[in-house]
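2 protein chains.
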Amino acid sequence: MNKNYYAILMAGGIGSRFWPVSTAKLPKQFHDILGAGETLIQKTFKRLNKIIPKENIFILTNEEYETLVMEQLPEVKKAQLVLEPAMRNTAPCILYASLKIKKQNPNALLVVAPSDHWIEDEASFVEDIQLSFDTCEKEDVLMTLGIKPTFPNTGYGYIQHEKKPSEKIKKVEQFCEKPDYKTAKKFIKQGNFLWNAGIFIWSVQSVLKSFEKFQSQMFHQLNKGYDDINTDREKKFIDESYPQTEKISIDYAIMEPSKNIYVLPASFDWNDLGTWGALYDELPKDENKNVVVNAKNLLENSKGNVIHTSANKTVVIGGLKNYIVIDEKDKLLIYPKKKEQEIKDLVKKLEDKYGN
Amino acid sequence: MNKNYYAILMAGGIGSRFWPVSTAKLPKQFHDILGAGETLIQKTFKRLNKIIPKENIFILTNEEYETLVMEQLPEVKKAQLVLEPAMRNTAPCILYASLKIKKQNPNALLVVAPSDHWIEDEASFVEDIQLSFDTCEKEDVLMTLGIKPTFPNTGYGYIQHEKKPSEKIKKVEQFCEKPDYKTAKKFIKQGNFLWNAGIFIWSVQSVLKSFEKFQSQMFHQLNKGYDDINTDREKKFIDESYPQTEKISIDYAIMEPSKNIYVLPASFDWNDLGTWGALYDELPKDENKNVVVNAKNLLENSKGNVIHTSANKTVVIGGLKNYIVIDEKDKLLIYPKKKEQEIKDLVKKLEDKYGN
Numbered sequence: 001m002n003k004n005y006y007a008i009l010m011a012g013g014i015g016s017r018f019w020p021v022s023t024a025k026l027p028k029q030f031h032d033i034l035g036a037g038e039t040l041i042q043k044t045f046k047r048l049n050k051i052i053p054k055e056n057i058f059i060l061t062n063e064e065y066e067t068l069v070m071e072q073l074p075e076v077k078k079a080q081l082v083l084e085p086a087m088r089n090t091a092p093c094i095l096y097a098s099l100k101i102k103k104q105n106p107n108a109l110l111v112v113a114p115s116d117h118w119i120e121d122e123a124s125f126v127e128d129i130q131l132s133f134d135t136c137e138k139e140d141v142l143m144t145l146g147i148k149p150t151f152p153n154t155g156y157g158y159i160q161h162e163k164k165p166s167e168k169i170k171k172v173e174q175f176c177e178k179p180d181y182k183t184a185k186k187f188i189k190q191g192n193f194l195w196n197a198g199i200f201i202w203s204v205q206s207v208l209k210s211f212e213k214f215q216s217q218m219f220h221q222l223n224k225g226y227d228d229i230n231t232d233r234e235k236k237f238i239d240e241s242y243p244q245t246e247k248i249s250i251d252y253a254i255m256e257p258s259k260n261i262y263v264l265p266a267s268f269d270w271n272d273l274g275t276w277g278a279l280y281d282e283l284p285k286d287e288n289k290n291v292v293v294n295a296k297n298l299l300e301n302s303k304g305n306v307i308h309t310s311a312n313k314t315v316v317i318g319g320l321k322n323y324i325v326i327d328e329k330d331k332l333l334i335y336p337k338k339k340e341q342e343i344k345d346l347v348k349k350l351e352d353k354y355g356n
Numbered sequence: 001m002n003k004n005y006y007a008i009l010m011a012g013g014i015g016s017r018f019w020p021v022s023t024a025k026l027p028k029q030f031h032d033i034l035g036a037g038e039t040l041i042q043k044t045f046k047r048l049n050k051i052i053p054k055e056n057i058f059i060l061t062n063e064e065y066e067t068l069v070m071e072q073l074p075e076v077k078k079a080q081l082v083l084e085p086a087m088r089n090t091a092p093c094i095l096y097a098s099l100k101i102k103k104q105n106p107n108a109l110l111v112v113a114p115s116d117h118w119i120e121d122e123a124s125f126v127e128d129i130q131l132s133f134d135t136c137e138k139e140d141v142l143m144t145l146g147i148k149p150t151f152p153n154t155g156y157g158y159i160q161h162e163k164k165p166s167e168k169i170k171k172v173e174q175f176c177e178k179p180d181y182k183t184a185k186k187f188i189k190q191g192n193f194l195w196n197a198g199i200f201i202w203s204v205q206s207v208l209k210s211f212e213k214f215q216s217q218m219f220h221q222l223n224k225g226y227d228d229i230n231t232d233r234e235k236k237f238i239d240e241s242y243p244q245t246e247k248i249s250i251d252y253a254i255m256e257p258s259k260n261i262y263v264l265p266a267s268f269d270w271n272d273l274g275t276w277g278a279l280y281d282e283l284p285k286d287e288n289k290n291v292v293v294n295a296k297n298l299l300e301n302s303k304g305n306v307i308h309t310s311a312n313k314t315v316v317i318g319g320l321k322n323y324i325v326i327d328e329k330d331k332l333l334i335y336p337k338k339k340e341q342e343i344k345d346l347v348k349k350l351e352d353k354y355g356n
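Note that the protein sequences, when read in sequence, are chains A and B. Sequential numbering from 1 applies to the first sequence in my numbering. Sequential numbering from 1 applies to the second sequence in my numbering.
These are computed hints drawn from the structure, not numbers from a lab. Computed from a predicted structure; not experimentally measured. Hints should not be assumed to be uniformly reliable.
Remember, identical chains collapse to one label, so a pair may be satisfied in a single copy or spanning two.
Said to hold, decoys possible - Within a straight-line C-alpha distance of at most 25 Å, the following computed DSS-like cross-link-like pairs (lysine-lysine) qualify: (1) 353 x 178; (2) 313 x 329; (3) 331 x 185; (4) 178 x 344; (5) 353 x 313; (6) 189 x 168; (7) 209 x 189; (8) 285 x 349; (9) 224 x 185; (10) 321 x 54; (11) 100 x 3; (12) 344 x 296; (13) 224 x 348; (14) 331 x 296; (15) 103 x 285; (16) 348 x 163; (17) 303 x 338; (18) 349 x 296; (19) 77 x 321; (20) 296 x 337; (21) 289 x 171; (22) 25 x 329; (23) 321 x 337; (24) 185 x 209; (25) 285 x 171; (26) 313 x 296; (27) 289 x 349; (28) 313 x 337.
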């Protein structure tokens, strides 16, 4: 494997739309949510390891999840963990990890990838990453993989690219925030919009150049400790300076202002497993289109539900249509599937009512 | 207290319409289903003990529940337990208990009462029982307490009595099976129908006379062991002869054929807690008419539900109206309240699907 290939595996999220299975204590990426025999982070690590050497895969996560990561990925050394001392959104932590990688290998090419997505076709994934690495090795560009939209999803950001059917890799015109339904429909009709899956590819040189140009304050806040990075002084420096950085996403911080952004439409099927409805789409259904994970069940006059419990639970349901029914230890959720975007807010409401 | 006063507390039922809280292993009467601080059988025992000496209250139950009864009613001696070796419906076990009581006290007056009903006004209950005892002491009659119907309930049997408003205790014209809705409405309009609550009062002499007359086979099957009863030979005799008796209810066996049946309209509020909907009626409601027992909860756009869980459960529900949501250890029920009569059958279906 090419020693210049690196990955930053993003594993700090909480996945609160997957409540009550995904919680701040045990977020989605650490669950075997599809019943695949491996957790999402384990599957993602293996997928990246098809093209990237094990020791070059950095795990970016919160200090709280250090033990979970080490348990689930025993092949990872502690030096590969990049622990945020505070949650500052994606830009500061990607900058921090990039500085560590640059100091280790200034010729590094790296992919930034979420740890909690579902990608079945690993061969196509590897091909797309290889093509992107090849491009980023030759040119000073920032690349992203875009997902061909299958419906006007209002839960994702979109990437608009130039309409040049002959080119495989397309120049990005703009990043678009999560649209309303009408706008999303328009995007799909126009044909040159892709979903932003949060998968980025670039050389460490290119991305740091963009940080220096468009986020110079943040860049200098962390780069001033460059000598300390990858030494035993790193932790002290990061603990002090990291919490000062601005809370901002990588999209806002460098993708939107940069001009040299390209997108490769992904050749694989993808699902962000961002909601119970997204999980529903991936799992086998009974004759009434119910998805039942684990539960012994008796479903009367019930259709299109997703039911997820522990293996010893017996569930009897009558007259429910298109609901999410999740029983996880001391928590029970019964909610309409079409309102699943509300679940994230419900978790906050619940904390306000009863404390965390 | 009058030493001739006796009670037969019926505690052998399974309460399967209260699934999953009430199960064959731990039926309804052994639960504190209203959150009153006492189980239903404990409350019923105390209520009867207001007029009947402790040692004269016999507990009629299945062998399986012996330990439960002794735990929940530690003041009861083992000799007061009447254990069915097999489930034969109510007539054989009432006959068996009556023979035991007659041998102890041939002048006994007794009340037969379910152990799992709710009666708040205990003073009125005692007055009604006293009046009935007084009547049965003087006359050879079989009495029952009837409940004034508040709506055309199709889940109860009805008692039709003579229309003589001047008489407090009314002669019964007939016992009617659970009616359909139209018939139930007609009953209520006619004004001389009461709900059959399964509360009977009679002298031990009168009831045994009726058994001998209308159920002579059953009477002789058990009375032939009269000498053994209340001795250490009783168990052997009952184990052999009891399973031979006919499975028949007390209503069919003696109330319907007998001519000397009277009913006293009860002066107290009563609820058989036969279903989750009946429980719903008795408990305090939130501003959206939801009844929540125990659960920490967040209910969005949800009305008229009854939610019953363990105390440490957090429940989040959206868009549910008039549902029963019960989480009990390894069982979860989500069912429309108006279809609650189906629950009994669902339990059977479930057993067929997965075994018991």
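If the cutoff is 25 Å on CA atoms, where do residue 321 and residue 337 land: within, between, both or neither? Let me know, please.
-> both (9 Å within a copy, 16 Å between copies)
Up to 25 Å CA-CA - residue 313 versus residue 353, copy category | Result: close only across copies, 14 Å inter versus 28 Å intra.
Is the C-alpha distance from residue 209 to residue 189 at most 25 Å within one copy, between copies, in both cases, or in neither?
-> neither (36 Å within a copy, 88 Å between copies)
Given a CA cutoff of 25 Å, do residue 296 and residue 337 count as a within-copy pair, a between-copy pair, both, or neither?
-> The answer is both: 21 Å in one copy and 22 Å across copies each meet 25 Å.
Using 25 Å as the alpha-carbon threshold, which applies to residue 185 and residue 209: within, between, both, or neither?
-> Neither: 36 Å inside a chain and 83 Å across chains, both beyond 25 Å.
Quick one: residue 349 to residue 296, C-alpha cut-off 25 Å, is that within a copy, between copies, both, or neither?
-> between (31 Å within a copy, 12 Å between copies)
Alpha-carbon proximity context of residue 103 and residue 285, limit 25 Å = Neither. Shortest intra-copy (49 Å) and inter-copy (64 Å) distances fail the 25 Å Cα cut-off.
Given identical chains, is residue 313 near residue 329, meaning Cα to Cα at most 25 Å, within a copy, between copies, both, or neither?
-> Both, since 10 Å and 8 Å are each at most 25 Å.
Given a CA cutoff of 25 Å, do residue 285 and residue 171 count as a within-copy pair, a between-copy pair, both, or neither?
-> neither (40 Å within a copy, 60 Å between copies)
How do residue 313 and residue 337 come out at 25 Å by Cα distance, when the copy is not named: within, between, both, or neither?
-> Cα proximity of residue 313 and residue 337: in one copy and across copies (21 Å, 22 Å).
Indicate which option fits the pair residue 189, residue 168 if close means a Cα-Cα distance not exceeding 25 Å: within, between, both or neither.
-> within (20 Å within a copy, 80 Å between copies)
Can you give me the call for residue 25 and residue 329, within, between, both or neither, at a CA distance of at most 25 Å?
-> The answer is both: 13 Å in one copy and 23 Å across copies each meet 25 Å.
Checked against the numbered hints given earlier, the structure breaks hints 1, 3, 7, 9, 10, 13, 15, 16, 19, 21, 24, 25 and satisfies all the rest.
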